[in-house]
Structures are given as structure tokens and as C-alpha cells.
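Asks: Let chain Y serve as the given structure and place chain X with the ligands on it in line with the hints.
Protein chains in written order, with this note's numbering: chain Y, 1 to 320; chain X, 1001 to 1242.
These are calculated hints, taken from the structure and not from any lab test. It should be emphasised that the depicted structure is a prediction, and the values quoted were computed from it without experimental measurement. Possibly wrong hints are sitting among the right ones.
One-sided and incomplete, this derived list gives chain X residues near chain Y with beta-carbon spacing under 8 Å [unchecked claim]:
hint, residue
1, 1007
2, 1021
3, 1092
4, 1095
5, 1147
6, 1233
Cβ coordinates follow ideal geometry from the N, Cα and C atoms, glycine included.
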Amino acid sequence: MSALDGSKREPAVVVEHLSKHFAKRVAFDDVTFEVGVGEVFGFLGPNGAGKTTTVRTLGTLIAPSSGSATVAGVPLSPRNGPAIRSRISIMPESPGLYLRLSVLENLECFAGLYELDDVRGHIDRALGAVNLAERARDLCGSLSKGLRQRVALARALLNDPAVLFLDEPTSGLDPVATREVHELIASLRERGVTIFLTTHRLEEAERLCDRVAILNTTLRLIGRPDELRQQLFRRSLDVRLRAPLADPEAVFGAVGEVQGWEQTPSGYTLAVSDPDLATPALARALVAAEADILSLAESRHSLEDVYLELVNEDVEAKSR
Amino acid sequence: MSFSWTRVGAILHKELRDYRRNRFVIATMAATPALFIALPTIQLIAANATGKAVTLRVGLSLLYMLVVPVIMPSVISAYSVVGERDQGTLEPVLSTPIRREELLIAKALAAFVPTLVVAYAVFGIFLAIAALFAHPAIVSAIYAGTHVLVQLLFTPLLAGWAVWIGIAVSTRSTDVRAAQQLSVLGSAPPLAILVLMSLNVITVSTALAIALAAALLAFDLLAWRVVAAMFDRERLVTGSRG
Ligand SMILES: Nc1ncnc2c1ncn2[C@@H]1O[C@H](COP(=O)(O)OP(=O)(O)OP(=O)(O)O)[C@@H](O)[C@H]1O
Ligand SMILES: [Mg+2]
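In isolation and in its complexed conformation, chain Y is listed as follows (with noise of 0.2 Å):
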């Protein structure tokens, strides 16, 4: 489909301080981030994050306030719509199928607006890479949500786009569905189909994709989601004792790896810069301060906390 050649090439997507503000409210602000060939970027955020305004942005539905992008090779401008979108698609949070029609007579309809030479042929790939051949000629109406989903990611793929936007493609489907519509991006993802995926579903992002943004109206980190949780959280010990400590302060305070500490129901959470460093050396100050030290141990963090972290942050930024 795209990049199967393994030569260097430039990312399928460059976003430059892109910002897009509509009359009162910023959708987005200063989103900076490159995609490249083939892989599957994810991009994270909470309801009202921005996150089907920038792939608006990005396939020339809506223009940018400032900033600018490269997609699919092609500059973001007005004069470049066409260019962009023919080589691209876009699957919307909601299907948008003509429901009198059928599948078949659906996608006629977008091989025409794509102007593909081969219709026949390029319908079937579709339909096939969605398991949806055997449903051809049933009216969009009588099919299941489920598989709206599916005739919609067979119309996105239609023109065999070099970037493929996927806005919440599971939003709204039943666990099987979900899993179903993750084993076909999985497969597009073998194929080597470039692919921009926005979700509000962690497991989701960190299942499918290479890489992760995570928007909140500004960009608040970007990285392979194993990077991410190390990345966000401090790294933090956390300790119980089977006693509270007399005086936690003249203790932590002695141990040079303490950041910060704070009390929590069964003990203490520390902040450290070095937990290999600082375990130790706590451990040695607790002897010392005759505490009973039940356990010291790092932290784990899920990408969930690390997400949740980041937009509560927000919030508490927001109500201040």
C-alpha cells in the first residue's frame, strides 16, 4: 500500500505550531508533532481536546489560525485541499454512510469522488480488507452499528490513502466489535498503512499505536507509550511502615535522593530523582529512625495514570 521499501523517506505528516481558534474558543494551541511512513501515531486526549478539530485541520476541512503542516507530502494551504485529500481519508467519529444505498452503491459513489480508474477492483480490496465482501449488496440501513463501522474504514481505504485518519473509530462499539475493528487496524498496521488514530480509550492507544500524543487542547507529551510513563511521572518510592513516623520530615529530609514526600493511608509516597540510588539510603535512615518497614518499593505506573495525571492537571489549571 504505502512505504514497503525500506529507503528513508519524509514523515507522512510534519505539524508545525498549528493552532486553530474559532470565535471564542481554542480547539487546539501550538501542536507540534511529525508522523512518520507507516507508522501508527495515536493521538490521546479527553472529550472537547481538540482532537477531531486537528484532524479537520489536517484533511483541509477546517483552515488553521497559525501555524503550518506538511501532509502526505503536501503543504497545507487552501489552494492544496484537493491535492491533500485525494491523497488521504478520513473516517469520522460517526459513520456518515448514505443508509437508501448499499455498501456497494456507497462506495461506487466515493470511487467516483476519488476518480479511481479500476472501480471493481479497488472496491473488492476494500471490501475484503474489512471481511465485508459477502455484505455487498445490503442497504447501509439494515446493517448493524458495528458494521457501519466497517463499511466506513472500506470507504477510507478506497483510495488507498498514504495517511489514513481514524477519528474514535471504536466509539460506540460493543466489546466484540471494538476488538474486531482493533484486529483490522492491527492488519492495516502489518500492511504498513500510515495511520493517524485519535481516542479517548488508553488500552486502545497503547495497544495499536508506535506512538502516542497526548492532547489537551495543547500538546502535553508525545512519545512510544512505555516512554511516556516513564517520562511524565517523577519516579516515586512508595513505602509502608507498620507505624507512622514521629517526625517523617527529619528523616526524609536527611536522604539526599528525597525530592518531596507526602503521607498516604498505608504510609509514605516519596519523590526521587534515582529510586536505585535512594532505596538504599532510605532503607539505611528508617533503620536508623527504628521504623518497622513493612515494604520499599518503585511505583508502576499504568498509562492510565499517566494520563489521568495530565488532565487533572488541566483541570486543576483550568478551575485556578
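Replies: Showing chain X with the ligands alone in chain Y's frame:
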């Protein structure tokens, strides 16, 4: 990338397929002509035709039939953009390389072509019934002069006007029903002129008829530019729905 008739054809084809399964469109296409063929035909057949009244009556009947190419396309075209928006299909369509001019011309043809077919068919049926059942004096009055020519000429011209008004309203509406009412209202002015003509409030002259036809033709050919300027992709995609 330049204007593509392939894309126009894709939308047009889709629309015609959709009409066949759209009860609302079928009802409009069936009811409007049925309504507007019954009355004039009955009137004509019932008339027993003497003197000056004949010409007036024939004029009125034919005028009545010109309502078909105004009402039908204005109802259908009012649906064109806001209807797609309502169904959520506008965003996927606009995500393809389509240009707004292509979409608008496709939508216009999709309202115009069926209207022309139906309106001419209605007129044909009317002529046939009149020829078979009406008083001979009335029949000759119908075929005399420029009646038939005027009818054939003004049908597409009026339809074009109604189509563009309807699409213009549709690009700015958030509600299908409101769009249809506004569109029917907006398509009425040229019809009003014709009414005044047929009631002899405005004296009919060849020059006036030609001027009116020329004005409508100019409007039909140029209106797409204005409507294209009104077509705001961003507002249509992000704006609140009705
Ligand atoms: N046309 C508009 N006018 C004004 N504000 C808008 C408009 N469209 C979107 N917004 C605002 O921009 C922000 C981002 O919206 P957007 O739909 O991009 O978020 P999202 O991340 O896709 O959210 P969701 O998860 O709910 O789909 C929101 O605060 C929204 O209210
Ligand atoms: Mg969204």
C-alpha cells in the same frame, strides 16, 4: 486538479439512486404534478369556451402548470446540502477531493433533471388530454400563438431559478423543514411576475417575455458562482446542527 465531471457524475448518480428509495422525494415528485395537472385539466374540459374568456382560461391553465417546475425543484434542492449535513454524510463527502463547485453543480442537476422530465411529462399529458376531451375552440387556443413555446422555454428557466435558490438556502440552513419553506418562498418571485402577466396586470409583450427569459437564463448560468461563495466548508462541517 481541475473541475471533474466524474465527481459530478458520482454525486448525481448517487442522488438519483437515493431518490428512488426516498419516500419524501417520491411523494414530492408524484404529488406536485398530480395536483397541478388535475385542476387545469378539469377546468379546461369543463369550459365551454366562447370569446375572449378562452384565451384567459388557457393562459391560466398553462400558468398553473408552470408551478410544477418551481415547487418541485425548490423542495428537492432545499434538502440538498442541509439534508446531507443532517444525515452526517456531508463530512465524508467533503473529505474527498471534491470541489464545492462540483458538489453544487451535481446537486443542481440532481434537482433539475428530474424536474424537467416530470414537468415536460405533465405538460405532455395535459396537451394530450386537452386534445382528446376539451372543446375544439380551446384546443386551437392552446396550440395557437406561442403558448407551447413559452411553456417549453420557461419550464427549465424557472426550474433553474428554483434550484439555485433552494441550494443557496440549503447551504445556510440548519433545519431541513425551515430550508424547504424558505426555498419555496424564495422561488416564487418570477412566478409572481408570470401571474401578473397572465392576469393582464402587466401587459404581455414579446419583448417583455424575452427580457424575462433572458434575465432568468443569466441568473441560471451565473448563480452557481454566488452559491459557491456562500458554501463555507468549515461552517458546514463544524457548525451546530439544527
Ligand atoms: N465550530 C466550533 N465553534 C466553536 N467551538 C468549537 C467548534 N468546534 C469545536 N469547538 C470546540 O473546540 C474544542 C475541541 O473540540 P473537538 O471536537 O476537536 O474535541 P475532541 O477532542 O474531538 O472531543 P471528543 O472526544 O468529544 O470528540 C471543544 O472545546 C469544542 O467545544
Ligand atoms: Mg472528536
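Asks: If a hint holds in the structure, say so; if it doesn't, say that too.
Replies: Status of the hints after comparison with the structure:
1. 1007: Interface hint status for residue 1007 of chain X: holds (5 Å vs cutoff 8 Å).
2. 1021: holds, 4 Å
3. 1092: holds, 4 Å
4. 1095: Since the shortest Cβ distance to chain Y is 4 Å, the answer is holds.
5. 1147: violated, 40 Å
6. 1233: holds, 6 Å
Violated hint for the displayed structure: number 5, the only one.
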